[in-house]
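Residues per chain are reported as follows:
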Amino acid sequence: MSWVYYTICTFLTINVIFNMLGSIALIRFPDVYTRLHGATKCTTFGTIFAVLAVMTHGLYRLHVTGDPKYLQMALHSFVALIALLLTNPVGAHAIAKAAHLSGVKPAKAVVDAYEEKLGGEEE
Amino acid sequence: MIAPEFFYAALVIAIGGLISVFRAIAGPTVPDRVVGVDTLNTIVVALMVLLGAAYDRTIYIDIAIVYALLSFIGTLIIARYLQGGLR
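Chains as they are written, first to last, in the numbering used here: chain P, -14 to 108; chain Z, 326 to 412.
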């Protein structure tokens, strides 16, 4: 019980800290690009540790009780983690490109290299 | 409830979900609202996995898989609409 419980609580603490940091980034950062940067990276990293905690819990309960429901819990949470890891960065890149193309500029930026690249290619 | 630590972690994460709902309502521009909704999607996936472990129901984790894939499609469609077509 003891070291498995401490491992689960460590994973859950890392998960809670990083998800709350991602949410605080949403209200503290000045424009859409920095908000996207903070929120996407922190919540993805936090959710990795949530799934690790659930997998540790499921494999430990499988070891104790022998019920195959807990093996299903661990494997399906791993599949959910894979789906999240594949889709979350792609969605963040799509939002950033759409924000730049729809006219929202970075707040305190000095150099906008993507704008220079677009202007050099199209016009 | 056989594992209450998962429930308390989910309770704290739900406060972060409320903050992202605030950003989705009060965002100055439209991409700010999309960022709020995207963060809310990730938090809801983490919340469903944690609640599935807390209440000992495996079906919540299956719902988390489907929700992750469908919210990704929704985010992509909103992004394509914002940038004005496929370019």
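None of these hints come from the bench; they were simulated from the model.
Fair warning: there could be bad hints in the mix.
A partial selection of chain P residues facing chain Z, derived with a Cβ cut-off under 8 Å [said to hold, decoys possible]:
| id | residue |
| --- | --- |
| 1 | C(-6) |
| 2 | M5 |
| 3 | G7 |
| 4 | T19 |
| 5 | K26 |
| 6 | L37 |
| 7 | H42 |
| 8 | L44 |
| 9 | L47 |
| 10 | H48 |
| 11 | V49 |
| 12 | T50 |
| 13 | K82 |
| 14 | A83 |
Ideal Cβ positions, reconstructed from N, Cα and C, are used throughout, including at glycine.
### Task
Hints the structure violates: just list their numbers, smallest first.
4, 5, 6, 8, 9, 10, 11 and 12
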